[in-house]
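*Asks:* Spelled out from the first residue to the last, the chains are:
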Amino acid sequence: MAGSALKRCPLEGRVIVITSGKGGVGKTTATASIGAALALEGKQVAVVDMDIGLRNLDVVMGLENRIVFNVVDAAKGKCKIKQAAIKDRRIENLYLIPASQSDNKDILTPEAMVRLCKELRKEFDYILLDCPAGIERGFENSVAPADEAVVICTPEVSSVRDADRVIGLLYARSITPRLIVNRIVPEMVENGDMLSHEDVVEVLSVELLGLVQLDNQVVISTNTGVPLVLQKDSEAGQAFRRIAQRLDGQEDLPIEIPQTQKSFWKKLGIIIGIGK
Amino acid sequence: MLNGWLKKLIGKSDSKGVAKKRLQFTLIYDKLEVSDDILIKLHQDIVDVISRYFEIDKESLKLDIRKSEGRSALVVNTPILSAKRVCPPPKGGV
Chain A
1 MAGSALKRCP LEGRVIVITS GKGGVGKTTA TASIGAALAL EGKQVAVVDM DIGLRNLDVV
61 MGLENRIVFN VVDAAKGKCK IKQAAIKDRR IENLYLIPAS QSDNKDILTP EAMVRLCKEL
121 RKEFDYILLD CPAGIERGFE NSVAPADEAV VICTPEVSSV RDADRVIGLL YARSITPRLI
181 VNRIVPEMVE NGDMLSHEDV VEVLSVELLG LVQLDNQVVI STNTGVPLVL QKDSEAGQAF
241 RRIAQRLDGQ EDLPIEIPQT QKSFWKKLGI IIGIGK
Chain B
1 MLNGWLKKLI GKSDSKGVAK KRLQFTLIYD KLEVSDDILI KLHQDIVDVI SRYFEIDKES
61 LKLDIRKSEG RSALVVNTPI LSAKRVCPPP KGGV
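In the order they appear, the protein sequences are chains A and B. Position 229 of the first sequence, counted from 1, bears residue number 229 in our numbering, the numbering being contiguous throughout. Position 6 of the second sequence, counted from 1, bears residue number 6 in our numbering, the numbering being contiguous throughout.
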């Protein structure tokens, strides 16, 4: 499907797995958004849906109607990488390699993924692997070829617990993960009803990559298939853009902490130096 | 009730504090879990080491992990048949 835009990169690309342990914390949205943001930075990006049998990255990216080949075909050599990589409609340099919808979990192996990623590294600057929930086969397949890992969690007990488990498994494979805390509700944090990102980082003792607040635009973006990072008024979209920039070497870019929406008069008060 | 009313008045509650404590406790407890594979290996190693010094009934050696709040204890129980008279040669780097 992909055209001739697939260029050879002078350096080998980085393979980054995006994982969480727990399902439903925003891995797929994060993968799509970070991938899109990296492509907007001018990088060649492939996002790979590793959730064999339950693919979803395609619908989040609005590319569900264009699937012919998938990651299993590419890994097994049934098609060329160029055939499996679907070019994004809106964002230049962004490609999706979808999962297969087969219900055979053993269809993909870690070795096959390592081989596939070795090829992908030659074509792309970034290969983002959207890991399925759980710590079984799909996790192994996603982590085996990865150089780096991004762990996503929400400020909830269940999600942080699973993140801790996954972080342990990544360390056991000599990968030092970085953390994104997703779906922060600043009002609830302020009222003492939600774990703050400091609490989460303290419990997990892991390097922070970014903070993303709960944003209704995520649902709207998934409804329409329009990338979140292209929506200027989306707080989450802008947070993912900064995360991508930090991943892409702008390490000193400060991590913005989600704030409660202040009224016009309060904002004015802050500007002129009264009130907070 | 007064508590809830007070909280409303101050506008602060602390369900987050509860969450953090529960989380920390859960993580500690999770890490005390030992897989069966490790226990079987440990069982074998303990039998080997004790057998160098004592004649033991290898079948009846029992290995247990006992858990109480926030703590775990490894309990090894074995009947000794007899002590060995000869000191075993030192083993290097097991």
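Derived by calculation from the structure, the hints in this document are not laboratory data. Just to be clear, a hint being listed does not mean it is correct.
Subject to a maximum C-alpha distance of 20 Å in a straight line, what follows is the list of computed SDA-like cross-link-like pairs (lysine to any residue) [what the hints assert, rightly or not]:
#1 B:Lys16 with A:Ala172
#2 B:Lys16 with A:Leu214
#3 B:Lys16 with A:Gln259
#4 B:Lys41 with B:Lys16
*Asks:* Could you run down the list of hints and mark each one as holding or not?
*Replies:* Hints versus structure:
| no. | hint | verdict |
| --- | --- | --- |
| 1 | B:Lys16 with A:Ala172 | violated (30 Å) |
| 2 | B:Lys16 with A:Leu214 | holds (17 Å) |
| 3 | B:Lys16 with A:Gln259 | holds (18 Å) |
| 4 | B:Lys41 with B:Lys16 | violated (41 Å) |
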